[in-house]
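Enquirer: Quick note, the sequences are listed as chains A and B, same order. Numbering of the first sequence is given in our numbering, commencing with residue 1 and proceeding in unit increments. Numbering of the second sequence is given in our numbering, commencing with residue 1 and proceeding in unit increments.
Please keep in mind that the hints were generated in silico from the structure rather than gathered at the bench. Please read all numbers here as calculations on a predicted model, not as lab measurements. Treat the hints with care, as some may be off.
To be verified - Here are some chain A residues the structure puts well away from chain B; computed CB gaps all over 12 Å:
id: 1; residue: Asp40
id: 2; residue: Tyr224
id: 3; residue: Glu350
id: 4; residue: Ala372
Claimed, not checked - Pulled a few chain A residues facing chain B out of the computed Cβ check, cut under 10 Å:
id: 5; residue: Gly34
id: 6; residue: Gly36
id: 7; residue: Gly38
id: 8; residue: Tyr185
id: 9; residue: Gln190
id: 10; residue: Glu196
id: 11; residue: Arg201
id: 12; residue: Ala225
id: 13; residue: Gly228
id: 14; residue: Val248
id: 15; residue: Leu253
id: 16; residue: Gly254
id: 17; residue: Thr305
id: 18; residue: Ser309
id: 19; residue: Asp310
To be verified - So the derived label-pair ranges between C-beta atoms look like this:
id: 20; chain 1: B; residue 1: Phe6; chain 2: A; residue 2: Thr149; range: 36 to 42 Å
id: 21; chain 1: A; residue 1: Val359; chain 2: B; residue 2: Leu64; range: 34 to 40 Å
id: 22; chain 1: B; residue 1: Ala102; chain 2: A; residue 2: Lys349; range: 24 to 30 Å
id: 23; chain 1: A; residue 1: Glu177; chain 2: B; residue 2: Ser2; range: 51 to 57 Å
id: 24; chain 1: B; residue 1: Phe6; chain 2: A; residue 2: Gly328; range: 35 to 41 Å
id: 25; chain 1: A; residue 1: Asn154; chain 2: B; residue 2: Glu270; range: 34 to 40 Å
id: 26; chain 1: B; residue 1: Ser2; chain 2: A; residue 2: Val359; range: 35 to 41 Å
id: 27; chain 1: A; residue 1: Pro101; chain 2: B; residue 2: Ala273; range: 28 to 34 Å
id: 28; chain 1: A; residue 1: Glu364; chain 2: B; residue 2: Ser280; range: 36 to 42 Å
id: 29; chain 1: A; residue 1: Gly328; chain 2: B; residue 2: Ala75; range: 51 to 57 Å
id: 30; chain 1: A; residue 1: Gly351; chain 2: B; residue 2: Gly35; range: 53 to 59 Å
Backbone N, C-alpha and C fix where the C-beta goes; we use that ideal spot for every residue, glycine too.
So the chains spell out like this:
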Amino acid sequence: MRKTLTTLAALALATAATAEPVKVGMITTLSGGGAGLGIDVRDGFMLALKQAEGNEIELIVEDDQRKPEVAVQLADKMIQSEKVDVLTGIIWSNLAMAVVPAATAQGKFYLSPNAGPSALAGKGCSPLYFNVAWQNDNLHEAAGAYANTAGLANSFIMAPNYPAGQDALTGYKRMYEGAVADEVYTQLGQTDYAAEIAQIRASGADSVFFFLPGGMGISFMKQYAESGVDIPLLGPAFSFDQVILQAVGDAALGVKNTSQWSKDIDNATNAAFVESFEAEYGRLPSLYASQGFDTANLLLSAAATAPVSDAAAFQAALEAAEFDSTRGDFAFGPNHHPIQDIYVREVIKEGEVLTNMIVGTALEDHADAYAAECSF
Amino acid sequence: MSLILFIEQLLNGLQFGLMLFLMAAGLTLVFGVMGLINLAHGSLYMVGAFACAGVATATGSFWLGLVAALAAAAAAGALVELVVIRRLYTRDHLDQVLATFALILIFSEGTRWLFGSFPLYLSVPPLLSGAVTLPGGIEYSLYRLALIGAGLGVAGGLCWLISGTRIGIQIRAGEADRQMIAALGVDIGRLYTLVFALGAALAGLAGALVGTIQSVQVGMGEPVLILAFVVIVIGGIGSIKGALVGALLVGLTDTLGRVLLPEAFGLFMEPAAATAVGSSLASMAIYVLMAGVLIWRPSGLFGEAPA
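The following block holds chain A by itself, in its conformation from the complex:
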């Protein structure tokens, strides 16, 4: 599948004199399991481009099918034959690790709308790599911090047995001060959680922290609701986005989760984003959509102040992050990862639609734990 979207100067004369066309290659997951995330990022990104009149961004979107080897091929094609200036779009950390180091080594900018593996935040950081979403550990750290303030002292913690799952439990334990009732690694892609739920029931814990993205989270929460266990759940926003909530149904009501974005963050940019996204696509935006939207606006802000052919100036323009984020305040740390507030949300029902509402702030102006290891 291939889409070329050229939004050419309708109001070219009105834009700054420095503006020159920027060619952007988006590699994201549009088919297979996890396609919902890539579709949201793409739709958020395209919405921002559509709203920015007179921009000269040329966007090419390709589907990586969640396969690292496909992503690498697409990146090679975009860099060598399409001659893009900027790459973006990758959802999964293992794909990002396959593409990003090679792309930045060839002098291309990479703006991450989602994946934030620790290797790219610490020793493997690059001046051309910017993460607009979060470092992978951040939302789990926030869940740990929230557990402390909520007085939770005995957590059962659970994640799939793969690198991002291990990072999740590490992130939670970095902030969490209570005891760990039990630590369980499930299989990646597991669909039946009866054995784990029985362990939770027997553990005597006062809370369950879990990181089970996509379909794994849907399966777990449905089965948990049927099991009769009533220990409160806690997790990062990845298991509670707009798509997952509709599939889980009322079983998710009242669950606390941590996120850097929520549709009720109170600022004008966010309100306009939520309204226009719903009008354009007929569904509520997810955090992934907000990340795509912010990534596009960051790119537009840099393109308006510096030509992409002047890499140093373009990099400085990205570092300045002079755009209106849906998250309100937004700034990059020294390793080009966000310094931002992370909120605690609760799953509520608005009419017939399940969604999230902010109930507190878990971490303010939070930076990631790897910034000190990064030196450009």
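Use these hints to put chain B onto chain A, whose structure you have.
Expert: Then chain B, alone, in the frame of chain A:
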């Protein structure tokens, strides 16, 4: 680990095994009777789950959804047999694998085209939701108990069908010698379509029953398909009894392995490392079981030894 927790895990293993049996039964029948490797069996599981979710959402009734799942999967199975599979009986296994793999792609993209990329909502009917307390003080999900009941019921029904009815006699005869029963005047083409539709309906039933407590999404069938293949290899290809025993063995090994192995390593390792090592070994446990069975009995527990 307390006795109650252990019994609860046994029930979990039993339930998982019985759902695997529904998948494996169709697969082993089709292989045994027609000599066909059907990789698209997982797609029929997905068809059942999507039909159930679609109809349950539209009508508000889970039970109508369940009927729709059976009907849709059986119809899809019969259609696939008539249009594609029928041409493959005389081909070798590589052609069958290629053609049925193509069917997986067609089913997946077709489902995405109809229903979109986002998971569908399907929930437990109110009649079966919540937990019950069993004798001995075990709290257990009512829906999972119903799954155990449904699995046992289907297993009993299949055994009766195979050993006690005329159709069953024809199916067993077809496994033994297909030319001979054709010569005796049995319409072998119709029998094949029937067996294929029956296997598809069982897969669709499993998809709908399990999809209710899992994520109904494109590609949900393939992981189950791999497990079903493990089951029929352990049980012996073509044997319904083998499929039942194999499915229960796999279900119990997987469930108890996930629980017991990390605990066993915890006796002499620090907890975090024990969890990681135990979980990794648990994900291998069923394949180790399969390898062990194959060393002991190369044609599976109830398989016919090759002549």
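Enquirer: Each of the hints needs a verdict: does it hold here or not?
Expert: Status of the hints after comparison with the structure:
no., hint, result
1, Asp40, "10 Å, violated"
2, Tyr224, "10 Å, violated"
3, Glu350, "16 Å, holds"
4, Ala372, "24 Å, holds"
5, Gly34, "9 Å, holds"
6, Gly36, "5 Å, holds"
7, Gly38, "9 Å, holds"
8, Tyr185, "4 Å, holds"
9, Gln190, "9 Å, holds"
10, Glu196, "8 Å, holds"
11, Arg201, "7 Å, holds"
12, Ala225, "8 Å, holds"
13, Gly228, "3 Å, holds"
14, Val248, "8 Å, holds"
15, Leu253, "13 Å, violated"
16, Gly254, "17 Å, violated"
17, Thr305, "37 Å, violated"
18, Ser309, "37 Å, violated"
19, Asp310, "39 Å, violated"
20, B:Phe6 / A:Thr149: 36 to 42 Å, "37 Å, holds"
21, A:Val359 / B:Leu64: 34 to 40 Å, "39 Å, holds"
22, B:Ala102 / A:Lys349: 24 to 30 Å, "43 Å, violated"
23, A:Glu177 / B:Ser2: 51 to 57 Å, "29 Å, violated"
24, B:Phe6 / A:Gly328: 35 to 41 Å, "51 Å, violated"
25, A:Asn154 / B:Glu270: 34 to 40 Å, "19 Å, violated"
26, B:Ser2 / A:Val359: 35 to 41 Å, "36 Å, holds"
27, A:Pro101 / B:Ala273: 28 to 34 Å, "30 Å, holds"
28, A:Glu364 / B:Ser280: 36 to 42 Å, "38 Å, holds"
29, A:Gly328 / B:Ala75: 51 to 57 Å, "53 Å, holds"
30, A:Gly351 / B:Gly35: 53 to 59 Å, "55 Å, holds"
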